[in-house]
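**Student:** Residue strings, one per chain:
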Amino acid sequence: MTTLQDPPVAVEASAAKAPRRFHALIGFGLAAVVLFALAPVALGDFRLGLLAKYLCLAIVAVGIGLAWGRGGMLTLGQGVFFGLGGYAMAMHLKLADAGPGELPDFMQLYGQLDALPWWWKPFANPAFALAATVLLPMLVAFLLGLLIFRRRVRGAYFAILSQALCAALAIFLIGQQGTTGGTNGLTDIQGFFGYDLNDPINRRMIYFIVAAALLAVLGVAWQLMRSRFGELLVAVRDGEERVRFLGYDPANVKLVAYVVAAGMAGLAGALFVPAVGIISPAMIGVVPSIEFVIGVAVGGRASLIGPALGAIAVAWAKTALSEKLPSAWTYFEGLLFILPVVFLPGGLASLAMYLRRRRSTSTEVTS
Amino acid sequence: MSGLVVRDLQVVFDGFVAVGGVDLTVPSGDVRFIIGPNGAGKTTLIDAITGLARATGAVTFDEHELLGRKVHKIARLGVGRTFQNSTVFEELTVLQNLDIAAGWHRGPLTLLRRRSSVPPEVQNALETVRLTAVRDQLAGTLPHGQKQWLEIGMLLVQNAKLFLLDEPVAGMSHEERDATGELLGELSREHTVVVIEHDMDFLRRFARSVTVMHAGKVLSEGTVAQVQADPKVQEVYLGHPVEA
Chain A
1 MTTLQDPPVA VEASAAKAPR RFHALIGFGL AAVVLFALAP VALGDFRLGL
51 LAKYLCLAIV AVGIGLAWGR GGMLTLGQGV FFGLGGYAMA MHLKLADAGP
101 GELPDFMQLY GQLDALPWWW KPFANPAFAL AATVLLPMLV AFLLGLLIFR
151 RRVRGAYFAI LSQALCAALA IFLIGQQGTT GGTNGLTDIQ GFFGYDLNDP
201 INRRMIYFIV AAALLAVLGV AWQLMRSRFG ELLVAVRDGE ERVRFLGYDP
251 ANVKLVAYVV AAGMAGLAGA LFVPAVGIIS PAMIGVVPSI EFVIGVAVGG
301 RASLIGPALG AIAVAWAKTA LSEKLPSAWT YFEGLLFILP VVFLPGGLAS
351 LAMYLRRRRS TSTEVTS
Chain B
1 MSGLVVRDLQ VVFDGFVAVG GVDLTVPSGD VRFIIGPNGA GKTTLIDAIT
51 GLARATGAVT FDEHELLGRK VHKIARLGVG RTFQNSTVFE ELTVLQNLDI
101 AAGWHRGPLT LLRRRSSVPP EVQNALETVR LTAVRDQLAG TLPHGQKQWL
151 EIGMLLVQNA KLFLLDEPVA GMSHEERDAT GELLGELSRE HTVVVIEHDM
201 DFLRRFARSV TVMHAGKVLS EGTVAQVQAD PKVQEVYLGH PVEA
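Each protein sequence line maps, in turn, to chains A and B. Position one of the first sequence corresponds to residue 1 (UniProt numbering), numbered consecutively onward. Position one of the second sequence corresponds to residue 1 (UniProt numbering), numbered consecutively onward.
Think of the hints as simulated: they come from the structure by calculation, not from any bench. Just so it is clear, CB atoms sit at the ideal spot from N, CA and C, and this is done for glycine as well. Among the hints, erroneous ones may be present.
[Stated by the list, open to error] Label-pair distances were calculated between CB atoms; the ranges are: (1) B:Gly171 to A:Leu146: 33 to 43 Å; (2) B:Ala58 to A:Arg152: 21 to 31 Å; (3) B:Leu109 to A:Leu143: 51 to 61 Å; (4) A:Val287 to B:Ser173: 26 to 36 Å.
The task is simple: from the sequences and hints, build the whole structure.
**Tutor:** Okay, structure coming up:
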């Protein structure tokens, strides 16, 4: 083992920080190689398209890892922000598909509308729509968070409230069929800022955009977790009252993490639309919101990469299992949530950490 | 007047009077011990001063009215407290705990960056509370006594001027008690210290003044000798077989 030649303990403390940064860089490099070189070569168009969808879910998961894993807020309603981002993007793409001055196809079908509703109009502008995919969820999260955290709603009550909001948004969208597409959602999206989404080359391009977005989001989460804010967030998670007595208002700390997680979910929703070609209430309601959290729990909520890997793994398992045993998936999904919570609260990431710790203690013994 | 001034403080929970009209004056630089039987209202008194329990009356510290302010605003005025069960952040290191305690005034840019060096006030506190050697250890792995010292260190870096310590030596060994007592002595040079304590031996050695509470009221106040000689105190408290 190389550790035998390493300089003795005294240097270790000062050296420990540099390798950690180095490790992170290697990790990002590896992820980039896998996402940008290996996957596009190894996977066909269909599988690569599925991977793009999974990566969108992974972006949501990174945000949940921050808010839940580090901040202790069980965000069971990320579908709200995912949906806001997704619908903002889909509204623009539908308007672009329809052409200037025209109504989107579904409005002509069952809308009985003469003109575009006022709240659709700004989304014709691409800059507004793109900004709205991230900023609108963040704004909504900010306003919700102000109400929720100032009033010290937390724990199970916070989770239930998030879930209720999610159900409310889905029900609202279904009820407004003429202007939102109702249960069907916004479907059959053809183009993406001038590019034809039926062209496999363009679909590959979408995959690369999603992969780059995931790396960027991981970078943001990495910086937040290692910063002083990240330490403070863990402190708020473990002792909200104690933090108050140190002169902080924990509501503000939680608010920042919640808003960042919402922005990530919004971005994911926006990318999901061109990657999959549809957004509908069934993709943003209660069930998908719970599925977001399951991936995070399986991967390890408090780690950086765990939530993303967990989300990809669970989404992949869902596809694979539902192809072979359509009725078994629901039970398997339940099991996936219960097992980590009961037996492995740190998720798969803690397993890796456990192995690393065992290896390092065994090298200490041998040296 | 500077220091802690409490006037006619009342705390009522659902009709139960936990603190019923307490007057208390702790001048700057005092080391005041508050004693009393269980349920006398000592911890509730501290809860009211720090904004945790709703109270009526008046509480001023260095001429700032505290009642009606939020907990974190009171903390920013220089009022710090510890709890009976230590409440350090167990999954963070000693250094991280202290760094957080030192930071409520940090701006967003500082918060979003990584801590690049140990702030001098944190280094001083590490030495004062004798935790330099375990700086990078997780706070949850510290023995009980060191956790309490870490709490005191957090008050130091928080820049608290008034220390409200709730049973700081409960569960400590003799050596740890002595060390904590010395620490209180050092602290009192620049801070006002209020200690809730049950340990009479500890009190006799380190208290400068004593307030005895009973049933939500102040029963007696003075030096250790004066309080011990007070027949009312002997009746409700020291009269019981406490090794006097």
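**Student:** If a hint holds in the structure, say so; if it does not, say that too.
**Tutor:** Each hint tested on the structure:
1. B:Gly171 to A:Leu146: 33 to 43 Å: This hint holds: roughly 41 Å between Cβ atoms.
2. B:Ala58 to A:Arg152: 21 to 31 Å: About 26 Å separates the Cβ atoms of Ala58 (chain B) and Arg152 (chain A), which means 21 to 31 Å holds.
3. B:Leu109 to A:Leu143: 51 to 61 Å: violated (25 Å)
4. A:Val287 to B:Ser173: 26 to 36 Å: Since Val287 (chain A) and Ser173 (chain B) have Cβ atoms about 55 Å apart, the given range 26 to 36 Å is violated.
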